[in-house]
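J.: Residue strings, one per chain:
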Amino acid sequence: MATLVPIDGPAANPDWLSGWRAGPGNGTAAAPDWLPPVRAEAAGRFAARGLPNRRIEDWRYTNLAQLTGLELDWAPAPAEVAKESLPALVFGREADCRLVLVNGQVRPALSAVPALPEGTILTSLAEALATGHPGVADLLRERVTVDDGALKALNDSWLEDGYVLIVPEDVTVDLPIEILSVGTGGALPPAYQPRNLIIAGARSRVTVVEHHVGLCIGGYFANVVTDVAAGPEAIVRHCKVQDESKEAIHVALLDATLGRDAMFDSFCFTLGGRISRNELRVSLDGPGAHCRLNGAYLVGGHQHCDHTTAVDHAAPETHSDQLYKGVLDGRARAVFQGKVVVRQDAQQVEGHQMSRALLLSETSEVNTKPELFIHADDVQCSHGATAGDLDAEALFYLRSRGVPEGQARQLLVEAFLNEAIDAVALAGMRLPLEQNVARWMGERPQPTP
Amino acid sequence: MLEIKNLHASVGGKPILNGVDLAVAPGEVHAVMGPNGSGKSTLSYVLSGRDGYEVSDGSVLFKGGNLLDLDPEERAAAGLFLAFQYPVEIPGVTNMTFLKHALNGLKVQRGEEELDAMQFLKLVRQKAKALGMSDDMLKRAVNVGFSGGEKKRNEILQMAVLEPAFAVLDETDSGLDIDALKIVADGVNALRGPARSMLVITHYQRLLDYIVPDRVHVLAGGRIVTSGGKELALQLEDEGYGAFAARAA
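So the sequences go chain by chain: A and B. Note that the working numbering numbers the first sequence so that position 386 is 386, with each residue one more than the last. Note that the working numbering numbers the second sequence so that position 19 is 19, with each residue one more than the last.
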């Protein structure tokens, strides 16, 4: 078990925040007048709270103490990254759309953004702030002041770059938008805090595939916040593959609000990071809004991954479905925390949640915490959790038919994850996801007999 | 082909097999009959190499080699096949995928060339058709939601595709109605040949009306107490296991 180091705020290691206190300083884009006071307010909020610690209920199972031991570069200079060193496009097609971020900064020279349907904007936050896009300023000013934990405050205090995607009313973007986020180390591990926005107008449809990779062996700290606003009847699909460097600390919060009959479909595939947390907050604000939150994870060694969700059924006839499936090996630890709130007037609501974990080693561990707060009476809610080993009967059955043991194990792991991967609506994602499973099984250290 | 000598085995420290002797020549079908708890299933699991079955004495020679030294997949590659009494359900793995991994797993171990997708599909469809199995059953997850009869038929399909030299059928008749029993028995009989031997383990004589054995052995108290021709099964049916068990004691 990891040593529990109590933290009573940034003062626990006064040095590690010195770079942060200097504030955003790259001067890559001009800031609108409203921004500096907002940043300052958020900085005050963060300073008052300090890093989350395990006495905070939401952070009971995930310990960020390691962060304070790192001397971080809070304003890393743009890293040299060759286009050839980037991973292949997820779908491998010439016409694909890809926006590349390196250490949280959008890099147009590494990106390839083809013409998108009229009115659709895919750009950097720096650019959107400089040009003063009204939709961006409105959403940001609304979200930035929300007090939602220390790490969000930390991100609010920075507000410099990230990706911005705006899809106007009635527009369908057929091409999946691929966001490649690269983390790469310098002399000091970089800390970066991109702020991303997805604004989907009424009846619009868009799919975003986020791919987070590390191009270095060492660590870095990514503190990502993504705001999603989906208008009435909009359909937003968000697929995230988190394959950061094995030493990286990756913390992400995605906050989505859904209008009437809107749909938000999220899939998170976690492979990388020394410590990672993917937190989703979805407010089903309009009647008939629907979200599907699915995830799969493959972790080993000393990795720790945390999937935390909070769904707020604020309107009647709203639906949520959640399925998280993971495989743990070595001394890995996984956390699933799922909160479902049904407000008093939100009748005819359905909320379902399931977490399943496969423990391939005796030293791996999973912590599952469902929380249901139901204030209405006409609702259907369910939750469940399982944790176990590979089915020994199935393994013997396969081997007795001539399938070698390693291959039989891989087949069973794939079969276990397939249920979650099957839920990914984007057909083209299946193969890349399955290849990741095969690669993970191949790289997995063989258990000593 | 298979020669079991003085086989002693225990499960969880409890002795179950107490000196089994049995030899099956190429092309022969032998039946092992016995009451509940006599060690029938233990014998089949020891032969197929399941974990938790400890051999304390004796030997099993298969095609002249020591079978007990091999892992389950190596036994399969050597030509051994066990039709399970309780076929295992594997959610998320289709029958087709299962069969493909099995057949190619055997071929790779034997240093043979793997079948390509087309050859494989053709082979499996042809074998399935002979057993009256639909394409739909091939696409479904292994044994998930299958009836008792469908599961047993699926075992025979695997046997037909993998073409083992030696098949152990463990209570393949249990849970089958008479129609399903005939289909399964026809499937088994179609696989009989001069190069293939079988060990049919059963509690009841009924199955042996359809799969007629060359030899019948009675297992009681973890040993073979009597052996004879196919008429022994009928005699056993008349007298009951009690008399044999008494004789064995």
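Each hint should be verified, as a subset may be incorrect.
Taking lysine to any residue pairs in the SDA-like style, the calculated list, with each CA pair at most 20 Å apart, reads [stated by the list, open to error]:
| # | chain 1 | residue 1 | chain 2 | residue 2 |
| --- | --- | --- | --- | --- |
| 1 | B | 139 | A | 423 |
| 2 | A | 369 | A | 387 |
| 3 | B | 139 | A | 431 |
| 4 | B | 100 | A | 434 |
| 5 | B | 129 | B | 53 |
| 6 | B | 100 | A | 369 |
Facing chain A, according to a computed beta carbon distance under 8 Å, are these residues of chain B, among others [stated by the list, open to error]:
| # | residue |
| --- | --- |
| 7 | 35 |
| 8 | 88 |
| 9 | 162 |
| 10 | 165 |
Just so you know, these hints were derived from the structure itself, not from any lab. For glycine and all other residues, C-beta sits at the position ideal for the given N, C-alpha and C.
J.: Hints numbered earlier in the text: which of these fail when held up against the supplied structure?
T.: 5, 6, 7, 10
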